[in-house]
Amino acid sequence: MKPRRSSLPGFRLTLTFTLVYLAAIVLVPLTTLPVKSFQTGWAALWEIVTDPRVIASYRLTIGASFVAACVNGVFGGIIAWVLVRYRFPGRRVIDAIIDLPFALPTAVAGITLTSLYAPNGWFGQFLAPYGIQGAFSPLGITIALVFIGLPFVVRTLQPVISDLDVELEEVATSLGANRWQVIFRVILPYLYPAWLIGFGMAFARAIGEYGSVVFIAGNMPMKTEVASLLIITKLTQYDYVGAAAIAFVLLALSFVLLLVLNGLQGWSARRLGY
Amino acid sequence: MASHHSASTIAKPGLTEPAIVRVALTTIALLFLVAFLVVPLVYIFVEAFRNGWSAYTDAIRDPGARAAISLTLIVAALSVPANALFGVAAAWAITRFDFRGKRVLTTLIDLPFAVSPVVAGLIFVQLFGRQGWFGPWLFEHDLKVIFAVPGIVLATIFVSFPFVARELIAVMEASGREEEEAASLLGASGWQMFLRVTLPNVKWAFISGVILCTARAMGEFGAVSVVSGRIRGETTTLPIHVEILYNEYAFQASFAVASLLAILAVVTLVLQTIVEQRHQRALAAANRAPTEAQA
Numbered sequence: 001m002k003p004r005r006s007s008l009p010g011f012r013l014t015l016t017f018t019l020v021y022l023a024a025i026v027l028v029p030l031t032t033l034p035v036k037s038f039q040t041g042w043a044a045l046w047e048i049v050t051d052p053r054v055i056a057s058y059r060l061t062i063g064a065s066f067v068a069a070c071v072n073g074v075f076g077g078i079i080a081w082v083l084v085r086y087r088f089p090g091r092r093v094i095d096a097i098i099d100l101p102f103a104l105p106t107a108v109a110g111i112t113l114t115s116l117y118a119p120n121g122w123f124g125q126f127l128a129p130y131g132i133q134g135a136f137s138p139l140g141i142t143i144a145l146v147f148i149g150l151p152f153v154v155r156t157l158q159p160v161i162s163d164l165d166v167e168l169e170e171v172a173t174s175l176g177a178n179r180w181q182v183i184f185r186v187i188l189p190y191l192y193p194a195w196l197i198g199f200g201m202a203f204a205r206a207i208g209e210y211g212s213v214v215f216i217a218g219n220m221p222m223k224t225e226v227a228s229l230l231i232i233t234k235l236t237q238y239d240y241v242g243a244a245a246i247a248f249v250l251l252a253l254s255f256v257l258l259l260v261l262n263g264l265q266g267w268s269a270r271r272l273g274y
Numbered sequence: 001m002a003s004h005h006s007a008s009t010i011a012k013p014g015l016t017e018p019a020i021v022r023v024a025l026t027t028i029a030l031l032f033l034v035a036f037l038v039v040p041l042v043y044i045f046v047e048a049f050r051n052g053w054s055a056y057t058d059a060i061r062d063p064g065a066r067a068a069i070s071l072t073l074i075v076a077a078l079s080v081p082a083n084a085l086f087g088v089a090a091a092w093a094i095t096r097f098d099f100r101g102k103r104v105l106t107t108l109i110d111l112p113f114a115v116s117p118v119v120a121g122l123i124f125v126q127l128f129g130r131q132g133w134f135g136p137w138l139f140e141h142d143l144k145v146i147f148a149v150p151g152i153v154l155a156t157i158f159v160s161f162p163f164v165a166r167e168l169i170a171v172m173e174a175s176g177r178e179e180e181e182a183a184s185l186l187g188a189s190g191w192q193m194f195l196r197v198t199l200p201n202v203k204w205a206f207i208s209g210v211i212l213c214t215a216r217a218m219g220e221f222g223a224v225s226v227v228s229g230r231i232r233g234e235t236t237t238l239p240i241h242v243e244i245l246y247n248e249y250a251f252q253a254s255f256a257v258a259s260l261l262a263i264l265a266v267v268t269l270v271l272q273t274i275v276e277q278r279h280q281r282a283l284a285a286a287n288r289a290p291t292e293a294q295a
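Heads up: the protein sequence lines correspond to chains A and B, in order. 1 is the number of the first residue of the first sequence in my numbering; add one for each residue after it. 1 is the number of the first residue of the second sequence in my numbering; add one for each residue after it.
Hint data in this document are derived by calculation from the structure and do not stem from the laboratory. You may find that some hints are simply not true.
[Claimed, not checked] No more than 25 Å apart at the CA atoms, straight line, and that leaves these computed lysine to aspartate or glutamate pairs for DMTMM-like: (1) A/K223 <-> B/E173; (2) B/K203 <-> B/E179; (3) B/K203 <-> A/D95; (4) B/K102 <-> B/E173; (5) A/K223 <-> A/E47; (6) B/K203 <-> B/E173; (7) B/K144 <-> A/D239.
[Said to hold, decoys possible] Not the full set, but computed from the structure, chain B residues with beta-carbon under 7 Å of chain A: (8) F32; (9) L37; (10) A90; (11) A93; (12) S116; (13) L122; (14) L127; (15) F158; (16) S175; (17) G190; (18) W191; (19) G219; (20) L269.
What you are looking at is a predicted structure, and each value in this text was computed from that prediction instead of being measured. Glycine included, each C-beta is placed from N, C-alpha and C at the ideal position.
Sequences are here, hints too, so could you generate the full structure?
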């Protein structure tokens, strides 16, 4: 751990503080999950996480998160393209508001979306005549997850679109490609690593989301109970072992996603020649 | 000129989509953003003022709301400086020195972003709760962490952990260490160098990180709701207070308190935009200086 080539002071002090703080706040608390799960034993752990109610919650969480990330992939892609490439009045304000889901506390987003999509709400009243239930259904959960995931896709794509070299498009055009060929052969292949990363980040965020989902979900076991919610339910029933087991699987899933995303980022950086 | 390409090339046929496609895409984007972002934001204030101004102020002046406001401020006042100090130390160690395990360390700093807020709360319950690792010891000494303010502060520190460090690491990595090494060579002390050379360079990134960290610290719900215990007037932060009111069907009051958090979010967005512009301007000025000197 010796600095190789630096005449600057403060290495020991700052690194020690960093490691101690990281260990105290993040690493030691996080190790309680695998430790608790080991103490419980694999057989018992397996029994908890294969309970039909738990399986249903994982399926719902992953399914709704995936659909929401897809919606964000499509619309976030269009929004990023429009914001970078086109000029229209109010563009700057729209650009600033993209980050609203990051800045707005999730509980506030949760109660707002629930009221909007309730059967008598601003949006819900138009869905109700068609027999579509907005709030208190998997659709409502997906809507909340679209809300919180949107900035990830837009913010990941924006810089890549603005770095896109117009000369590349000019060359393709002068060689006789029409606009659609340019889009599908030149632009999209260049954008899609960033697109995947944005999609992955939105998906990962949605998997663990709680605040914006808890109000709109309705929380019916087997039907509209997401995993993070089931953890809270177990906790309120003092079932600490159950809560820890479900959380352990959720955490493992987040780690896998984090690793995949890190790999993607390295691949994308190499592809773009950084 | 890279930043102007879109404006200058839009007119050229073949380098942009046909006008009708452009209009269609812009309309789709705007409709989506209005439905998903603008309407919800407006709706918060419509509901908050549904029963008039006095009902709004009543909800905010209510003792429970006041206690929630002060607890939220206390939690932010404790967790933001702690994470800011950590951010500076981590960024200094990571960007100014070479050591083994640096990449792993950088990834570990981002870890809290990958953890579900509920899991973030749960791990502190497992450490400090009644049946937790330190639970019996805390109980013997009559100390309370879970369902008390210390637990809320710890959970908040966890979820807002990476913001400052991330911003600083990115900027300090890009700026390189030559300027500090020169200052050090010229005999500047550690603090002089940090205050006169490093800080001016990373000022905007630091401020940006602190703004994001503060917004998250004041708005965190999932992690805090696990460790809070919802003791009214004692362990209820603003988001928890919003939840309690909503679950009691006091919708107008709930949205009134929520509007405070919405205002906080809007202020955050405005400050972020200003900081971003300042930062860009500072960068442009810094890039211009050497070329002018050469000329």
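Structure-based check of each hint:
A threshold of 25 Å between alpha carbons decides the hint, and for A/K223 with B/E173 the separation of about 48 Å lies outside it, so the pair is violated. Proximity of B/K203 to B/E179 is assessed by CA-CA distance (about 15 Å); at most 25 Å being required, the pair is judged to hold. With a C-alpha separation of about 23 Å, the suggested pairing of B/K203 with A/D95 holds against the 25 Å cut-off. Between B/K102 and B/E173 the alpha-carbon distance is near 13 Å, which keeps this suggested pair within the 25 Å criterion.
Distance restraint check for A/K223 and A/E47: the Cα-Cα separation of roughly 20 Å lies within the 25 Å cut-off, and the hinted pair is therefore satisfied. Among the hinted pairs, B/K203 with B/E173 is consistent with the structure: their alpha-carbon atoms are about 14 Å apart, no more than 25 Å. Annotation: proposed proximity of B/K144 to A/D239 holds, straight-line Cα distance about 21 Å (limit 25 Å). At its closest, the beta carbon of B/F32 sits 5 Å from a beta carbon of chain A; the interface hint therefore holds under the 7 Å criterion.
Proximity of B/L37 to chain A holds as hinted, the smallest CB-CB distance being about 5 Å (cut-off 7 Å). Taking 7 Å as the C-beta contact cut-off toward chain A, the hint placing B/A90 at the interface holds, the least distance being around 4 Å. Because the smallest distance between the Cβ of B/A93 and any Cβ of chain A comes to about 4 Å, under 7 Å, the interface hint for this residue holds. For the restraint placing B/S116 at the interface with chain A, the shortest Cβ-Cβ distance is roughly 3 Å, inside the 7 Å limit, so the hint holds.
Against a cut-off of 7 Å between C-beta atoms, the interface hint on B/L122 holds, since the closest Cβ of chain A lies about 5 Å away. Evaluation of the B/L127 hint against chain A yields a held restraint, the C-beta minimum of about 6 Å falling below 7 Å. Among the interface hints, the one on B/F158 holds; its C-beta lies about 6 Å from the nearest C-beta in chain A, closer than the 7 Å criterion. Look at B/S175: its Cβ only gets to about 13 Å from chain A, farther than 7 Å, so that hint breaks.
For B/G190, the interface hint holds, since its Cβ comes within 7 Å of a Cβ in chain A; the closest pair sits about 4 Å apart. Contact between B/W191 and chain A, as hinted, is not supported at the beta carbon level, the nearest pair being about 9 Å apart and thus beyond 7 Å. For B/G219, the shortest C-beta to C-beta distance to chain A is roughly 3 Å, which falls under 7 Å, so the interface hint holds. Taken as an interface hint, B/L269 checks out: its beta carbon lies about 5 Å from the nearest beta carbon of chain A, inside 7 Å.
Checked against the numbered hints above, the structure violates hints 1, 16 and 18; every other hint is satisfied.
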